[in-house]
Amino acid sequence: MLMPMPMKHVRLLVLTEDLPQASMALAATESFHPDTRPPTESRLDALPGREYRETFSQAQSRLAKITRLIPLEATPDIGAVRVVDFDELSALNVWLGDLWDETSSYEEDFHRLDDTERLVREQQAALENFTHLNIDLDMLRNKTRFLEFHVGLVPRENLRQLEGAASLAGHILYVYMQQGDHAHVVIVGPAGDKESALAPVLAAASFQTLPIPLELDRKPAELQQDFANQRLAIAEQRQSLQDTLNRWGEPFRAKLLAARHTLMLAEPLVTLDASLRSAGHLAHLAGWVPARAVAHLEQGLRETLTLPFDLTSRDPRPDERKLVPTVPIKSRLLAPFALLVNQYGIPAYGEVDPTPLFAVTFLLMFGMMFGDLGHGAVIALAALWARNKLPKFYLFGVFAGISSMIFGLLFGSVFGYEEILPALWMSPLHDPILMLEVALGWGIGFIVIACLLGIYNRLAIGDPLGAVFERHGLVNLLFYLAFLWGGFGLATTGSFGTLPALLVIGSLLTLAAFQWHHLSAPTGEKALVVAIETLDTVIVYLSNTLSFLRVSAFSLNHVALSLAIFTLAGMMGSFGHVVTVILGNVFILVLEGGIVMIQVMRLQYYEGFSRYFSGDGHAFLPLRLRRESVSS
Amino acid sequence: MSNAAAQAYLNTRVSVMSTRLFAPELIERLPRMTLAELAEHFGLSAILDEQPSAATRGRAIEQSLLQVLMSELQVLARPMNASERSLVLAWGRKYALFNLKTLLRGKLYDLDQQEIRDHLFDLPDTIRLSHQELFRAENALELLRQLETGPYRQIARQAREVYEKHREPFALEGAIDQRYYTGIVRQIMGSDNHHLDSLRRLMGAELDRVALLWLLRFRFTYQLSASETYYQLVPSTRLLTRERLLHLVNLDTFERILEALPAPLDSLLADSKSIGEVQQRIGRYTQLETRGILSRSQSAVARALAYLMLRESDLLMLFAVVRGRLLQFPDATIKAALELTQPSCAESRAA
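Going down the list, the protein sequences come from chains E and F. So the first sequence is numbered by our numbering: it starts at 1 and just counts up by one. So the second sequence is numbered by our numbering: it starts at 1 and just counts up by one.
If you're looking for bench data, these hints aren't it; they were derived computationally from the structure. Honestly, I wouldn't trust all of these hints.
[Stated by the list, open to error] Short, incomplete list of chain F residues facing chain E, as computed with Cβ under 8 Å:
| no. | residue |
| --- | --- |
| 1 | Glu40 |
| 2 | His41 |
| 3 | Phe42 |
| 4 | Leu134 |
| 5 | Arg145 |
| 6 | Gln146 |
| 7 | Gly150 |
| 8 | Arg157 |
| 9 | Ala226 |
| 10 | Ser227 |
| 11 | Arg242 |
| 12 | Arg244 |
| 13 | Val249 |
For each residue, glycine too, the CB sits at the ideal point set by N, CA and C.
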């Protein structure tokens, strides 16, 4: 499970007219990851799928626009698979284009209604504003012998410039209301020749005239009723237009559903476009296929293609390693942990997939740091409760909760109470030194395994020199083990020991010499870099090991926090006691639970992954038939 | 990275990149260079490709020069903080606005889709207009509807009038340019005190140039009224402020406007005989101001923007020479075109 799935590079030569069939066959196997590199043969330089892709994109965009107005409830089942050739796709695109032309006119009608309604609203707001003014509104509607009035809306951002321009044309601009991004203005100026100067300015400023209704001498309530009636009429028109559209669109629904289905079937060839090249009637495509699926792929092509084809496969070359996609581990139980691993990176081809190791070590550390039967049960139940909202992640919470419960049994802790259950092992606070020793041992084991995996990964990609001499390689591991040996001696007998000291010095000198050899810089700079790096190696390994003390520190912290809450609760009355214990437990669950989660992730990413996991791979994304349309 | 460190890094970057600006000797030699020499000196191998037409080759060169500018813009924008980056990107967004104008003109006049596409610049994501739906619009009405729902909804009404009354989209394109410059001014006025003076000086010089040229063209070439001309202008943050422009547009002759200009523009442009001459003189002055900012400003952001403006000017010159050579114009014509090529001229493509 830790080892990557072996992959093959396949190259397929087919006749150009067989491309749609080939794409369907490849999609049906769900094992072909396209390789977009152009072929080495320079004559294969045409792009046979480009026109198909452009037609597809246009058709899909048209369908999306049409279904905005004629919504399709059902998503077509992919059902029987058939080949969509270019002629069929073009015909569909033309039909969708014609249909969109007609549908577009309905959209325009809706748009006009929206505009009219907006104008009525603005008119209503303007007149409400005018009621506070003691002026004859009829004056604003009429052009007098000497004056002309423009009442209307102008975008606020054009206001200042329009004010200057109006003054140049001998007009005065008055803002009587600002609403949204528009200002309501009255422009007054002399009637006559200057009108022609102002008209283009008003047009450029997007000025919109606000008609002043007739019969303004009526009661305000009657005017408001008029506006309400107008808006009601617009709403009726909108409903009527929607009904007309629904009736008009009904006969097209089945055909639109079929169009969606056709586009789903055409998608594989479109996806392949970037990796397709051709010369005359010969088309070339290449990709990555899991080694065990090559035979199945060839059989699929043989059954589908009527014309001859050529399929060759080979192992990936060393220089192609970064291009080979990694097939993810397919396990429902590991899926949530894979999500967290992928936050760091995707395993490069050849690298050990750290997901199973991550899952086990994560749960052990989380459980030890947050061991409590009650809290664990709450976490597990909360995760189960959220399974519909977090279908891909809820198992993570369930496992974390169970781990916490198991360690809760070992520590004898239920919601912080240590007297209810007898500890299967012991309470962390009863022997903190032992807890620290366990955490230290765990950390050493963790770092050694991480180094061994790093060494294996370098060997797997054909870098034996790196496996021995690079950072976190074999020599580095030797230094670490000797350092621990010496440290153990120092702690138990008071002496670091000659052999461990020689090993430490020897391994550090070897690392420094390797680094010196590979650095290209002036001697002074090289000396400085090598000295700092060597010192860094010692500090990093020492601090990383001590970093694991937090595993026990948090288990102690959990007990200490509970004690603090019980002390507080003990100072309250019986009701206060219950409330404090409940709130305290919520506090522990949320705050401490969150912190422990972050600390474990930190240990995994920094102390573990940085030693053995490059994470610079990319995921295997095979060509497949989409089960749901993009536009659905 | 701390602010001081980011400024130091950006300043160093700008200084290193400034060595790419064309030296005076190269500018002198440019109009005499053959296509082969241009291709070798600037790595423009597409010029020598015999297959496509001169127009296609010209477009390919224009696109590749633009890519040079855009990639340098992105390199300079990377170490900046969000507001500084936004200002530099806003300056570069003029090319997205060229695309918008091309698209509007193309759709409003029902031009061939392929032809429209061929004239669109390929831009990086950070510069490209976000409302991609505009590009997918299949007819003018659909485009107008898209326009009305996006950030350019304020010009949509004008666009609709242009479409419905079959008007020349001149005012529409003017409105786009106006929004472009007012947007930049707004960003500058909101910038950090450390950069404010330098940026105001830099963009003020550019806005003085643009405002004066627009004023002269609108008043005397297009014969627009004073109020209409004023409406289309963008007041500068330096010399040609709102009040000055209100005064200048009301003057009725070319000579009176030049006489009424504030110092140092009055002496600089005195006795100019045509708008072309004014363009040359004020262009040189703006370049000097920009170079001054590049070499002396304390603000790394202003220096970066000044570098980009000068670099754009160089690349425009280079493109003018390439296009002249592709169209087999005589050396004298190319030289004359070079003298008119100005930096950051948003109207150069629209006009």
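F:Ser227 as chain E interface residue, shortest Cβ-Cβ below 8 Å: OK, holds: F:Ser227 within 8 Å of chain E, min 4 Å.
Satisfaction of the F:Arg145 interface hint, Cβ to chain E closer than 8 Å: Holds - the Cβ of F:Arg145 comes within 8 Å of chain E, reaching about 6 Å at its closest.
Hinted contact F:Arg157 with chain E - closest CB pair below 8 Å: Where the cut-off is 8 Å and the nearest Cβ of chain E is about 4 Å from F:Arg157, the hint holds.
Minimum beta-carbon distance criterion (8 Å), F:His41 to chain E: Violated, about 28 Å.
Restraint check, 8 Å cut-off on beta carbons, for F:Leu134 near chain E: violated, 12 Å
Interface hint status, F:Glu40 versus chain E (Cβ within 8 Å): It is violated, given that the least Cβ distance between F:Glu40 and chain E is near 24 Å, above 8 Å.
Interface hint outcome for F:Ala226 [beta carbon to chain E under 8 Å]: holds, 5 Å
Agreement of hint F:Gln146 with chain E interface, Cβ distance less than 8 Å: Given a least distance of 11 Å, the restraint on F:Gln146 is violated.
Status of the hint placing F:Arg242 at chain E (closest C-beta pair under 8 Å): Holds, because the Cβ-Cβ distance from F:Arg242 to chain E comes to roughly 7 Å (cut-off 8 Å).
Hint check: 8 Å Cβ-Cβ cutoff, F:Gly150 to chain E: Because about 14 Å separates F:Gly150 from the closest Cβ in chain E, which is outside the 8 Å limit, the hint is violated.
Satisfaction of the F:Arg244 interface hint, Cβ to chain E closer than 8 Å: violated, 12 Å
Interface hint compliance - F:Phe42 to chain E, C-beta minimum distance less than 8 Å: Cβ of F:Phe42 sits 26 Å from chain E, so the hint is violated.
Taken one by one, the earlier hints fail for this structure at numbers 1, 2, 3, 4, 6, 7, 12, listed in ascending order.
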